[in-house]
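K.L.:
As a plain string of letters, each chain reads:
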Amino acid sequence: MAVQVRVTAVFQKFTKGAKTVKGQGQTIGQLVQDLERRYPGFAKQLLNPDGSLHQFVNIYLNDEDIRFLGNLDTPVSEGDVVSILPALSGGAAPLG
Amino acid sequence: MASAFTEEQIKRYSRHIILQQVGGKGQRKLLAGKVLLIGAGGLGSPAALYLAAAGVGTIGLVDYDTVDLSNLQRQILHRTADLGRPKIDSATDTIAALNPDVKVVPYPVRLSSENILDIIADYDVVVDGTDNFPTRYLVNDACVMKGKPNVHGSIFLFEGQATTFLPGRGCYRCLYPAPPPPGMVPSCQEAGVLGVLPGIVGSIQAVEAIKLILGIGDSLAGRLLLFDALSMEFRQLKIRRSPDCPVCGEHPTVTQLIDYEEFCGVPALVHSQEAEAAHGARH
Ligand SMILES: [Zn+2]
Chain A
1 MAVQVRVTAV FQKFTKGAKT VKGQGQTIGQ LVQDLERRYP GFAKQLLNPD GSLHQFVNIY
61 LNDEDIRFLG NLDTPVSEGD VVSILPALSG GAAPLG
Chain B
97 MASAFTEEQI KRYSRHIILQ QVGGKGQRKL LAGKVLLIGA GGLGSPAALY LAAAGVGTIG
157 LVDYDTVDLS NLQRQILHRT ADLGRPKIDS ATDTIAALNP DVKVVPYPVR LSSENILDII
217 ADYDVVVDGT DNFPTRYLVN DACVMKGKPN VHGSIFLFEG QATTFLPGRG CYRCLYPAPP
277 PPGMVPSCQE AGVLGVLPGI VGSIQAVEAI KLILGIGDSL AGRLLLFDAL SMEFRQLKIR
337 RSPDCPVCGE HPTVTQLIDY EEFCGVPALV HSQEAEAAHG ARH
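Note that the protein sequences, when read in sequence, are chains A and B. Here the first sequence is numbered in the working numbering, starting from 1 and rising by one per residue. Here the second sequence is numbered in the working numbering, starting from 97 and rising by one per residue.
Keep in mind that the hints were calculated from the coordinates and are not lab data. Even glycine gets a Cβ: it sits at the ideal position worked out from N, Cα and C. Hints should not be assumed to be uniformly reliable.
As the list claims (entries may be wrong) - Derived coverage of chain B by chain A (criterion: at least 3 residues anywhere in the stretch with Cβ under 8 Å from a Cβ of chain A; other residues may be distant):
1. 190–197
2. 250–261
3. 343–355
To be verified - So the derived label-pair ranges between C-beta atoms look like this:
4. A:Gly17 with B:Ile354: 47 to 57 Å
5. A:Leu69 with B:Ser208: 34 to 44 Å
6. B:Leu194 with A:Gln24: 48 to 58 Å
7. B:Leu326 with A:Gly79: 42 to 52 Å
8. A:Pro75 with B:Lys242: 36 to 46 Å
9. A:Ala2 with B:Pro339: 53 to 63 Å
10. B:Asn211 with A:Gln55: 21 to 31 Å
11. A:Ala18 with B:Ser110: 26 to 36 Å
From just these sequences and the hints, can you work out the full model?
P.N.:
Following this line, the structure appears as structure tokens:
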């Protein structure tokens with residue numbers, strides 16, 4: 001099942017600069033693993049070593065935060081849009 | 097509050113006064129309104145200018161940085177002639193020149209757990225224009241503890257985000273429970289920013305503050321507004337109060353203010369947008 005994944009600027013260096021990528025999977029977790037296969041290192045930006053989502057990264061299925069759905073087990077369907085958003089530190093530039 | 101407008105004020109604010117949703121009553125609310133801006137940099141500049149132009153009567157400014165040449169690409173409170181001056185001073189002059197009705201309260205200090213509660217106590221709305229996580233979390237937690245609306249904005253490269261956290265309806269920690277650990281990519285990279293971008297996001301923050309003072313419209317509470325200048329797209333995501341939130345949830349674990357450690361060699365408690373620039377970490 002192909003799902004569109006929108007990647008915020010912070011993560012685009014892990015997707016070869018792409019702002020939108022296609023991913024395969026039945027769940028958000030499978031989608032992340034699929035992206036990891038094509039963009040090695042990507043999953044590490046999102047997941048803790050135990051496989052859970054970092055506290056400073058949010059994933060949205062369409063406009064809903066997956067923490068309020070089924071976390072990484074949230075099912076995805078054809079046509080869904082997934083957005084990945086890390087906390088931005090801020091102001092003008094610096095992440096940090 | 098019910099004091100009569102001067103003739104000059106009637107003319108100055110005429111485009112507000114003729115708006116049904118503002119009127120003379122609303123304009124008086126604005127003149128009695130108090131907004132605290134955290135940072136007189138990229139986001140704080142447009143926010144301060146529009147709030148001042150609108151006649152928000154008291155504008156508090158927190159910033160201890162000085163004006164650097166690299167700031168002027170976006171920080172429109174400051175001028176070339178202001179280079180080297182404290183941002184608080186040039187901001188105060190700019191606002192005074194724009195609207196003498198506005199009282200600027202300067203706070204040329206580093207925000208910390210020691211001073212923030214006292215500083216925000218007097219204000220109706222806090223506008224967060226910080227550029228670093230320690231201050232962002234400190235401002236958030238203090239606003240939750242004091243029950244202050246917190247208008248959030250952040251920018252990165254060509255992208256911006258804005259939302260409003262209202263007391264009892266969620267906070268920044270509901271969105272991101274804890275800051276990234278120091279050194280964690282991608283929170284520690286230098287980056288540029290399109291100079292106009294903070295102009296858009298800071299102006300959205302000013303709109304939110306004004307609506308809150310007037311009590312009109314729908315705030316961004318519950319919505320995260322995303323703006324991408326390159327594709328010229330606005331999107332919205334839902335955000336909600338998390339029962340597990342460490343500060344505003346059912347069983348808060350953060351009950352005292354935290355002075356987080358510095359990130360990436362940047363001083364922990366920098367408030368202006370790019371105060372780091374003055375400390376050698378160029379953006
Ligand atoms: Zn919260």
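K.L.:
A separate judgement is required for each hint: does it hold in the structure or not?
P.N.:
So, going through the hints one by one against the coordinates:
1. For the stretch 190–197 of chain B, the proposed coverage by chain A is not satisfied: 0 residues have a C-beta within less than 8 Å of a C-beta in that chain, short of the threshold of three.
2. Check result for the stretch 250–261 of chain B against chain A: holds, 7 residues qualifying (beta carbon to beta carbon below 8 Å, three or more required).
3. Here's how the stretch 343–355 of chain B fares: 0 of its residues keep a CB closer than 8 Å to some CB of chain A, so the rule of at least three is not met and the hint is violated.
4. At roughly 36 Å, the beta carbons of Gly17 (chain A) and Ile354 (chain B) sit outside the given window of 47 to 57 Å.
5. Against the hinted window of 34 to 44 Å, the Cβ-Cβ separation of Leu69 (chain A) and Ser208 (chain B) comes to about 38 Å, which satisfies the hint.
6. Against the hinted window of 48 to 58 Å, the Cβ-Cβ separation of Leu194 (chain B) and Gln24 (chain A) comes to about 55 Å, which satisfies the hint.
7. Here the CB-CB span from Leu326 (chain B) to Gly79 (chain A) is close to 24 Å, at odds with the stated 42 to 52 Å.
8. Between Pro75 (chain A) and Lys242 (chain B) the beta carbons are some 41 Å apart, a value that agrees with the proposed interval 36 to 46 Å.
9. Between Ala2 (chain A) and Pro339 (chain B) the Cβ separation comes to about 34 Å, which falls outside the hinted range of 53 to 63 Å.
10. Our hint of 21 to 31 Å for Asn211 (chain B) and Gln55 (chain A) holds, since their Cβ atoms are close to 27 Å apart.
11. In this structure the hint that Ala18 (chain A) and Ser110 (chain B) lie 26 to 36 Å apart at CB is violated, the actual value being about 50 Å.
The structure is inconsistent with the numbered hints 1, 3, 4, 7, 9 and 11, although it conforms to all the rest.
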